[in-house]
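Two independent chains are provided; combine them into the complex using the hints.
These protein sequences, in sequence, are chains A and E. Counting the first sequence from 1 gives a position; the working numbering is that position plus 9. Counting the second sequence from 1 gives a position; the working numbering is that position plus 236.
No lab work stands behind these hints, which were simulated from the structure alone.
Calculated cross-link-like contacts (lysine-lysine; reagent style DSS-like; alpha-carbon spacing at most 27 angstroms): (1) A:K58 - E:K293; (2) A:K113 - E:K293; (3) A:K58 - E:K280; (4) A:K78 - E:K280; (5) A:K113 - E:K280; (6) A:K77 - E:K280; (7) E:K245 - A:K113.
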Amino acid sequence: AQSVTQLGSHVSVSEGALVLLRCNYSSSVPPYLFWYVQYPNQGLQLLLKYTTGATLVKGINGFEAEFKKSETSFHLTKPSAHMSDAAEYFCAVSLSIGTDSWGKFQFGAGTQVVVTP
Amino acid sequence: NAGVTQTPKFRILKIGQSMTLQCTQDMNHNYMYWYRQDPGMGLKLIYYSVGAGITDKGEVPNGYNVSRSTTEDFPLRLELAAPSQTSVYFCASSRLASSSYEQYFGPGTRLTVT
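So that you can see chain E by itself, here it is in the shape it has in the complex (with noise of 0.2 angstroms):
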C-alpha cells in the first residue's frame, strides 16, 4: 500500500513551457486534492475532485487544469508557466467517511520556474 505518490520530486520550467505533475492513490478514495505551498501562507486549494469525471475549482485555479478520468489518477496541468508558479505541490486524498474523515497527503513536487 503506497498511499499517495507524486511525480516528479522536483522540476525546474522555464517561463511558457508546460507540464503535467502526476498523482496517484491506491487506497480507493473518491476526494483527491492539488493544493500549492508557499512560505507562510499555509496550503491553498487549487482543483479537487469528489470522483472520477467530477471536477472543481478550489481557491487559487489560474494557470492550471485537471482531470479525473479513474478514481486512482488526478493529474494537475500547467500551460504556459509563469514564475508565480513557483511553488511546492501536494495531492492529497480522502475517503470522507464519518470514520476517518482525514486527508492522506503525497511526498510534494517541488517546481522552479525561471
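Okay, chain A solo, but in the shape it has when bound (with noise of 0.2 angstroms):
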C-alpha cells in the first residue's frame, strides 16, 4: 500500500518569495505522483504529474516538481510567489498498472498557503 506525507498543515509565503511544499510518499514499487491545487470553494486542479521519464515536471502556473527516489520525495517549488497562489495544495500517489492499487489515488492531508504583501 502506499502512503502520502505533507508536511506542514499551513505555510505563509511574502509575495515575492519562494513557494516551498513537501512531500513524501511511501510504496513498493515506483509510484506516481501528483499535486493538485484546490481554491475556495472549488474543485481538485492538477497543477503537475510525474508517471515516468524526466524527473523534473513542470507544471501550470510556474510549479515545479522534482522526483527524488533516494529520498521518496516530491516536493513543490515556484521561485515567486504571487499572491493568487493562495490556496490548498494536495500531494497524491498512485501506483502503477499491474499493482493492485491501479487506479487508486492516495492525497495527503493538504497544505494550506497564506500569501502576504
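As C-alpha cells, this is what we get:
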C-alpha cells in the first residue's frame, strides 16, 4: 500500500518569495505522483504530475516538482509567490498498472498556503 | 465539454434522512470516484468504479452506497444520514491511460447533517 505525508499544514510566504511545499511518499513500487491545487469552494485542479521519464516536471502557474527516488520525495516549488497562489495544495500518489492499487489515488492531508504582501 | 458535474452544490439533511448526490462526466472516462473531504484530513476515498456495472469500496464506505449503470453517471446514496457524514463530497473521473493518468474533479457538494 502507498501513503503520502505532507509536511506542514499551513505555510505563510511573502509575495515574491520562494514557495516550497514538501511531500514524502511510501511505496513498494515506482509511484505516479501528483500535485493538485484547490481554491476556496472549488474542486481540485491538477498542477503537475510525474509518471515516468524526466524527474523534474513543470506544471501550470510556474510551479515545478522534482521526483527524488532516493529521498522518496516530490516537493513542489515556485520561485516567486503571487497573491493568486493562496490556496490549498494536495500531494497524491498512485501506483502503476499491474499493481492491486492501480487506479486508486492516496492524498496527503493538504497544505494551506497564505501569501502576504 | 462540461467535465465533471455534481448536484446539488449544497444540502442540509436531518438525521435519519436519505439523499442521492449526483455525478456526471462527459469525457468518456472509465474510472469514477467519490471522496469526502474533512478539514485537515485530505480526501478519503468512499467508493470507486472501473466501468459501468463495476464498483468497489474505498477507505470509508460505511453509510454509503453507489451504482454505475452508465459510463457517464455515478450517484452516491446516503441512507440514514448521521452528523458524521457532514462533509464536502467530491466526485472525480479518470481515463487512466498512460498519457492521461490523472483525475478530474467536480466542484463538490457541501452536505450538513443536523
